[in-house]
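Protein chains in written order, with the numbering used here: chain A, 1 to 503; chain B, 504 to 995.
The set of hints was computed from the structure by calculation and includes no laboratory data. Computed from a predicted structure; not experimentally measured. Each residue gets a CB set at the ideal place from its N, CA and C atoms; glycine is no exception. Some clues are possibly wrong.
Result set (DSS-like, lysine-lysine): computed pairs, CA atoms no more than 30 Å apart in a straight line [unchecked claim]:
1. A:K436 with A:K373
2. A:K158 with A:K100
3. B:K946 with A:K158
4. A:K59 with A:K483
5. B:K569 with B:K667
6. A:K100 with B:K946
Using C-beta positions, here's what the derived DEER-type ranges look like [to be verified]:
7. B:H610 with A:G183: 14 to 20 Å
8. A:S491 with B:A979: 34 to 40 Å
9. A:Q300 with B:H921: 45 to 51 Å
10. A:A428 with B:P730: 22 to 28 Å
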Amino acid sequence: MLAWTIYISFLAVAVLVLLPRGSTRLARHVALSAATAGLVVVIASIARQPPGELVTVAKLPWIPSLGIEYHLAADGISNTLLLLTGIMAVAGILFSWNLKERTREFFAFYLALIGGAYGVFLSFDLFLLLVFYEIAIIPKYFLIAIWGSTRREYGAMKLALYSFTGSAMVLIVLLSAYVLAGGQTMNLSQLASFPFPIHFQMWAFPVMFTGFAVLAGMWPFHTWAPTGHVAAPTGASMLLAGVVMKLGSYGCLRVAMTLFPRGMEPWGFQVLGLGSWRGVFALLAIIGIVYGATVALVQQDFKFVVGYSSVSHMGLVLLGLMTLNRIGMTGAVLQMFSHGIIAGLLFAVVGRMVYDRTHTRELSVLQGMHLSKAIPFAAVTFVFAAMASVGLPGFSGFVAELQVLIGAWAAFPLLAILAGFGIIISVAYAWRAMQKAFFADASSNSADPEKPLQPISIPERLGASLLLATTVTIGIYPQLLLKIIAPALNSPLFEGLRRVAGR
Amino acid sequence: MKAIDYSQLLGLLAPEVIVVVTALAILALDLLVLRRTAMKARFLSAAVLASTGCAGSIYWIATLSKPTSLLDGMLVTTPLTHLVQMVLLVLAILTFWVAVDSTFTRHVGEYSLVVLFATSGMMLLTSTQNILLIFISLELLSLSLYTLTAFKKDSAQSAEAGLKYFLFGGISTAFLLFGLSLLYGLSGSTNLSRIALAFQKPLLDPLALVAMVMTAAGLGFKIAAVPFHLWAPDAYQGAPASSAAFIASSSKVASFFILAQVLLIGFAAGGNLGWASHRPGWLPVIEGMAAASMVLGNLTAIVQSSVRRLIAYSAVGHAGYMLLGILANTRQGVSALVFYVVTYALTTLGAFAVVSVMEERCGGDRLADFAGLSRRAPLLSMCMMVFLLSLAGVPPLVGFFAKFYLFASALSGDDGTHSLLWLVILAIAMSAVSLYYYLQVLKRIFVAAARENAGAIRVPVVTQVVVCLLAVAVLALGCAPHLLLNYIQAAM
Numbered sequence: 001m002l003a004w005t006i007y008i009s010f011l012a013v014a015v016l017v018l019l020p021r022g023s024t025r026l027a028r029h030v031a032l033s034a035a036t037a038g039l040v041v042v043i044a045s046i047a048r049q050p051p052g053e054l055v056t057v058a059k060l061p062w063i064p065s066l067g068i069e070y071h072l073a074a075d076g077i078s079n080t081l082l083l084l085t086g087i088m089a090v091a092g093i094l095f096s097w098n099l100k101e102r103t104r105e106f107f108a109f110y111l112a113l114i115g116g117a118y119g120v121f122l123s124f125d126l127f128l129l130l131v132f133y134e135i136a137i138i139p140k141y142f143l144i145a146i147w148g149s150t151r152r153e154y155g156a157m158k159l160a161l162y163s164f165t166g167s168a169m170v171l172i173v174l175l176s177a178y179v180l181a182g183g184q185t186m187n188l189s190q191l192a193s194f195p196f197p198i199h200f201q202m203w204a205f206p207v208m209f210t211g212f213a214v215l216a217g218m219w220p221f222h223t224w225a226p227t228g229h230v231a232a233p234t235g236a237s238m239l240l241a242g243v244v245m246k247l248g249s250y251g252c253l254r255v256a257m258t259l260f261p262r263g264m265e266p267w268g269f270q271v272l273g274l275g276s277w278r279g280v281f282a283l284l285a286i287i288g289i290v291y292g293a294t295v296a297l298v299q300q301d302f303k304f305v306v307g308y309s310s311v312s313h314m315g316l317v318l319l320g321l322m323t324l325n326r327i328g329m330t331g332a333v334l335q336m337f338s339h340g341i342i343a344g345l346l347f348a349v350v351g352r353m354v355y356d357r358t359h360t361r362e363l364s365v366l367q368g369m370h371l372s373k374a375i376p377f378a379a380v381t382f383v384f385a386a387m388a389s390v391g392l393p394g395f396s397g398f399v400a401e402l403q404v405l406i407g408a409w410a411a412f413p414l415l416a417i418l419a420g421f422g423i424i425i426s427v428a429y430a431w432r433a434m435q436k437a438f439f440a441d442a443s444s445n446s447a448d449p450e451k452p453l454q455p456i457s458i459p460e461r462l463g464a465s466l467l468l469a470t471t472v473t474i475g476i477y478p479q480l481l482l483k484i485i486a487p488a489l490n491s492p493l494f495e496g497l498r499r500v501a502g503r
Numbered sequence: 504m505k506a507i508d509y510s511q512l513l514g515l516l517a518p519e520v521i522v523v524v525t526a527l528a529i530l531a532l533d534l535l536v537l538r539r540t541a542m543k544a545r546f547l548s549a550a551v552l553a554s555t556g557c558a559g560s561i562y563w564i565a566t567l568s569k570p571t572s573l574l575d576g577m578l579v580t581t582p583l584t585h586l587v588q589m590v591l592l593v594l595a596i597l598t599f600w601v602a603v604d605s606t607f608t609r610h611v612g613e614y615s616l617v618v619l620f621a622t623s624g625m626m627l628l629t630s631t632q633n634i635l636l637i638f639i640s641l642e643l644l645s646l647s648l649y650t651l652t653a654f655k656k657d658s659a660q661s662a663e664a665g666l667k668y669f670l671f672g673g674i675s676t677a678f679l680l681f682g683l684s685l686l687y688g689l690s691g692s693t694n695l696s697r698i699a700l701a702f703q704k705p706l707l708d709p710l711a712l713v714a715m716v717m718t719a720a721g722l723g724f725k726i727a728a729v730p731f732h733l734w735a736p737d738a739y740q741g742a743p744a745s746s747a748a749f750i751a752s753s754s755k756v757a758s759f760f761i762l763a764q765v766l767l768i769g770f771a772a773g774g775n776l777g778w779a780s781h782r783p784g785w786l787p788v789i790e791g792m793a794a795a796s797m798v799l800g801n802l803t804a805i806v807q808s809s810v811r812r813l814i815a816y817s818a819v820g821h822a823g824y825m826l827l828g829i830l831a832n833t834r835q836g837v838s839a840l841v842f843y844v845v846t847y848a849l850t851t852l853g854a855f856a857v858v859s860v861m862e863e864r865c866g867g868d869r870l871a872d873f874a875g876l877s878r879r880a881p882l883l884s885m886c887m888m889v890f891l892l893s894l895a896g897v898p899p900l901v902g903f904f905a906k907f908y909l910f911a912s913a914l915s916g917d918d919g920t921h922s923l924l925w926l927v928i929l930a931i932a933m934s935a936v937s938l939y940y941y942l943q944v945l946k947r948i949f950v951a952a953a954r955e956n957a958g959a960i961r962v963p964v965v966t967q968v969v970v971c972l973l974a975v976a977v978l979a980l981g982c983a984p985h986l987l988l989n990y991i992q993a994a995m
């Protein structure tokens with residue numbers, strides 16, 4: 001049944017393409033119903049699926065002579081991210097409700113991206129996974145280049161080239177692994193159980209991990225993220241931060257770490273105190289956390305603050321993955337979910353609620369606008385989103401980040417302390433942005449009273465409530481997701497990882 | 504020596520005969536009957552007649568089943584050559600239908616004749632393993648292509664392109680002939696497999712090296728691999744659109760096939776031609792050509808402002824990728840090469856069909872002319888997106904699977920020595936580069952605003968149908984590559 005998430009999305013793309021030109025209202029409704037249907041399918045299947053099991057959704061021979069299959073399956077990790085995709089799809093469409101120009105095409109590209117994301121999270125055949133992974137690249141380009149704002153063509157091209165280069169790195173390793181394993185299968189679990197020689201894993205792991213981590217915003221390959229997020233229209237930047245970055249981190253966990261766990265073993269010598277690729281990537285993750293937060297602290301553009309905060313929070317995901325212990329990795333998966341929701345909410349406030357009304361994102365200009373009085377709903381939403389983002393208890397960010405930090409403390413105590421610093425800085429930038437944008441004293445230049453801002457519309461309220469409700473629900477009752485994530489990490493698929501971690 | 508069985512010979516050559524007879528029939532009909540009718544009707548009747556003839560030829564080929572070799576390798580037919588010939592015929596048919604709405608010439612009969620002669624030349628080229636016949640049919644093909652390039656008589660650019668193509672081609676033919684004559688002198692035979700046998704000596708003969716490099720140079724010209732690519736941009740730009748499409752698609756298929764035949768059969772002998780004991784001596788030559796083509800083709804394409812030149816340079820890059828299939832030196836490599844070149848031909852043909860519409864309706868193929876096309880001709884733009892993204896290797900279009908299969912067979916061909924890994928890495932890196940310039944075109948089409956007073960473009964129905972068919976084929980083969988792959992693998 002889960003396969004229908006993919007089919008619904010692409011069917012809706014076809015319907016949208018065939019709609020007559022100028023049917024704006026209809027296009028919106030088609031898109032929203034497709035996204036809602038996808039979400040309903042995801043929720044229904046998660047509810048029916050026994051936790052901890054790998055459920056095969058579809059398994060058909062596709063290109064038999066090369067051993068490539070159309071193999072869809074889902075475990076707890078996939079389900080978590082499918083749920084995220086479903087929620088973000090609905091919310092993103094709600095926040096794109098006011099789009100008037102070339103609506104039909106916008107939603108067609110949008111749903112193609114969603115369909116690609118569903119496909120990645122469901123694929124258990126690596127060829128298929130790569131196909132969906134690359135399908136997601138092109139819609140991103142057009143979404144940003146056509147409907148974007150600040151330096152949109154630059155941001156779009158940068159994003160497309162970064163993604164394509166990342167997937168090229170993945171493709172190189174995948175091809176080598178496929179040929180090395182006999183060229184007969186692309187099945188994830190079969191390849192994962194193939195004993196690749198250690199010298200192969202030692203170069204294959206870092207290349208593939210980096211290839212995926214480009215999309216996850218790993219420092220120093222993160223630079224597409226802030227420019228891309230800022231250039232993108234609201235719905236697209238919600239998807240970029242909420243779903244696309246997760247494609248990267250999901251690939252790191254599901255493919256790179258699963259196929260080549262021994263690539264994380266110690267090298268046997270030390271360079272600058274680092275003894276393995278695991279250490280290298282953990283260090284890069286920490287740099288990303290601290291660097292992203294520090295840079296966010298000094299941004300003048302409201303959206304750049306959120307853009308860099310994404311880099312920072314995705315660093316926590318990568319750090320969690322590199323801990324290799326149960327709590328750290330569970331935290332990483334939960335953080336993927338939580339960051340997706342929260343970043344989506346932040347972008348929605350900045351891009352839709354504020355920028356579409358004030359037509360500026362300069363914090364210094366926003367300072368004089370009394371936004372907390374003009375659009376109180378936006379202010380309240382942002383306060384909640386910022387609290388969730390900095391990891392206050394009661395929101396999903398708290399549970400996720402706490403687990404990652406505990407895991408990191410066990411694995412790399414020194415780095416865990418640095419990560420803690422990063423979180424403290426995140427409080428600072430969130431509060432700074434909130435203060436400047438919404439609650440500044442308007443002594444300097446007061447807002448133009450003749451042009452009152454439009455009130456917050458119903459779709460915006462709906463979207464914001466959906467996202468807020470999700471993060472609060474998971475924050476109060478994290479067991480909802482934890483009970484499906486944790487067993488998935490104990491599955492035989494991650495056998496190699498557990499062996500490397502020594503448990 | 505056995506007496507020649509003429510009936511068998513005729514049976515095997517019937518497909519070529521049908522094509523030639525069709526060509527003559529079209530010429531006669533056009534000159535005798537249709538002289539005074541409208542251009543469109545003449546093109547249309549030529550296309551109908553040519554399609555019928557080619558379809559008949561395809562049907563005949565389909566009935567020939569068992570592999571045969573006549574006259575000591577003069578005429579060799581295998582399932583694989585049948586497949587390639589059928590593809591060539593299909594491409595010829597499509598070329599005719601792309602040309603239906605063009606206005607570049609009044610000599611429809613002659614144009615059709617030359618296209619069909621070129622096709623029959625290519626069909627002969629694929630079905631022979633004799634260097635003499637290879638040379639003759641290659642000449643038939645080349646001379647036809649020079650003519651096709653210069654066919655737009657009122658355009659100086661077309662004449663210039665034809666002349667350049669002819670001069671470069673003439674020189675490269677001289678090289679090829681020299682190389683082939685050395686091969687004959689060294690081995691005393693014109694049959695490729697005998698040549699290979701004669702070379703089984705432990706040491707590399709300097710003359711053999713010269714012969715090999717000359718042959719590679721002559722054939723490298725046909726496939727437009729660096730450093731023999733200089734004609735391609737001019738020919739692609741100057742030639743009438745349908746000729747350019749034909750050169751870019753059909754002749755690529757035939758040339759790659761014959762290059763593979765010559766290298767893999769003629770120079771197959773294990774260590775004798777090589778510096779290293781386990782590798783045939785042509786490998787380093789082709790490796791160099793492949794690497795140079797990928798890098799130069801893709802990097803030069805970035806700065807082009809004419810879409811035709813852009814496609815030409817990208818074709819150089821693609822030639823570099825395709826050489827990987829030959830370098831693999833395995834059956835799987837050949838099947839990957841055939842898959843790649845066939846799908847590539849379909850895709851390029853489609854792209855050229857779009858370009859030809861653009862030129863007829865908007866007066867040019869500059870990047871700027873494509874601005875805002877998506878609002879002026881939505882269907883055409885979507886098809887162009889399919890073609891260009893397939894060339895870039897984006898799934899679910901066929902270009903992705905073709906690349907995947909080609910690279911996988913290149914990697915599995917080297918017996919775990921990873922001697923081709925660097926080339927595969929280079930190829931994948933370069934296809935990331937290629938996405939940039941393909942997106943530059945798509946950016947004009949979908950993102951940029953159309954010029955003022957630019958209304959909707961009325962696309963000719965026939966061209967629209969052909970373009971859509973090709974786009975659907977590219978998409979369908981991408982989603983279900985085994986439709987074609989099974990045929991190729993069965994034919995290997």
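Against the structure, the hints come out as follows:
1. For a cut-off of 30 Å, the pair hint linking K436 (chain A) to K373 (chain A) stands: about 14 Å separates their Cα positions.
2. Between the alpha carbons of K158 (chain A) and K100 (chain A) the distance comes to roughly 26 Å, so the proposed pair stays at or under 30 Å and holds.
3. Among the hinted pairs, K946 (chain B) with K158 (chain A) is consistent with the structure: their alpha-carbon atoms are about 13 Å apart, no more than 30 Å.
4. The straight-line distance between the Cα atoms of K59 (chain A) and K483 (chain A) is roughly 26 Å, inside the 30 Å bound, and the hint therefore holds.
5. With a CA separation close to 42 Å, the supplied pair K569 (chain B) and K667 (chain B) exceeds the 30 Å bound.
6. For the proposed pair K100 (chain A) and K946 (chain B), the alpha carbon gap of about 20 Å is at most 30 Å, so the pair holds.
7. In this structure the supplied range 14 to 20 Å is violated for H610 (chain B) paired with G183 (chain A), their Cβ-Cβ distance being about 52 Å.
8. Evaluation of the 34 to 40 Å hint for S491 (chain A) and A979 (chain B) yields a pass: the beta carbon distance comes to about 36 Å.
9. Between Q300 (chain A) and H921 (chain B) the Cβ separation comes to about 50 Å, which falls inside the hinted range of 45 to 51 Å.
10. The beta-carbon spacing between A428 (chain A) and P730 (chain B), approximately 59 Å, falls outside the hinted interval of 22 to 28 Å.
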